[in-house]
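Chain residues, written in single-letter form:
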Amino acid sequence: MGTLIGDSSSYSTWAVLRTAVDNASVGGSPANQYAHNIEFLKGFYTTEGNGFIRTTYTLPLTFAMPDFNLDSGGTFWSSNADTNFVWTDEDKAQLIGEDVTNAGTTFAITSDAFDGYPWQITSGSDPIYTIGKLTAF
Amino acid sequence: MKIQPGVGYTFDSSSKGFTFDTSEQFPSRDGLGVTHPFQVINVTYDVAGSAWLFQVAPGTVNNIVPQIDEDSVWVLLDRTAGGLPDWPVSVLTPFDASTHECFIYLRAGKDTTSGAFPSADDTSSNYPRIICSDTALSDTDTYGYVLLAKATEGTGPVCSVVQYVTGSLWGDRIKLGTITASYYYARI
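Chains as they are written, first to last, in this note's numbering: chain A, 1 to 137; chain B, 1 to 188.
It should be emphasised that the hints constitute simulated quantities derived from the structure, not laboratory data.
A few of these clues could be false.
What the hints assert, rightly or not - Using 30 angstroms as the maximum straight-line C-alpha spacing, the simulated DSBU-like pairs for lysine-lysine come out as follows:
1. B/175 with A/42
2. A/133 with A/42
3. A/42 with A/92
4. A/133 with A/92
5. B/150 with B/175
6. B/175 with A/133
7. A/92 with B/175
For reference, chain A alone in the conformation it holds in the complex (with noise of 0.2 angstroms):
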């Protein structure tokens, strides 16, 4: 029997892969979902366009969000960004060299954010202010 599209969440508009980007070094539930139907609560949108990261391809009815996320030890990393694929290539590559302000100082998103632990190591500190090619709301 065939699925019938727009039943669900699943594979309906091209919003289902698109997303805001979580702040996860901020504390909360990061959105409040429902059929058809996201919430963002917290984090990023992009500055430049409609806002949304376009997520990579992701199973029905899984919600893949991607996140930045800094400890009070000055790592900085995007949770399992090395394996859930919710960043697309092109995504990274706008991200690496933009400056992140926190708690502490200012610090530029390497590659080490995305390739998996332990990640990148900065001087920084949590919470997350800004980064750049992102607004925070």
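Keeping the supplied structure of chain A fixed, place chain B upon it in accordance with the hints.
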């Protein structure tokens, strides 16, 4: 050789030969009397009520059939009576006093209980509904609007309709923080 008349072409013959004209090879949808989802149809002037009446062919948004106002009652577009189509008739109003335009929108909002978009509660104003407006409408956190068609009234009376949406839709609502929600639709 004998050539018979047929649908989609005209044929002329003379002592010098014959010609085919196939410029009308594919008859228009209107010419065939076929409607598509959300097509504004049967726009007629009601002399007694001094108002334009219209119907909207049934369609769906996220597989939900919208409602339209008929005599101040919200009625499903695909209403039937005795097993036959009995699509509701609504009043095309208001028209802008200057431009004489009336915008016909599909309005939908999220369900206040489940959070789903659109609301499946057919008693709620957030349930998908066809509405008319004399101005262009912008999305809000409560409602997303899709312009189905625009009607322009002239003297006579005459009324022309430009159709923008030609099929059923599915859509998503996205809200970023305190920024007004965005609504994205695709035609199916």
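**OP:** Starting from the hint list further up, note which numbers the structure goes against and sort them upward.
**Re:** none
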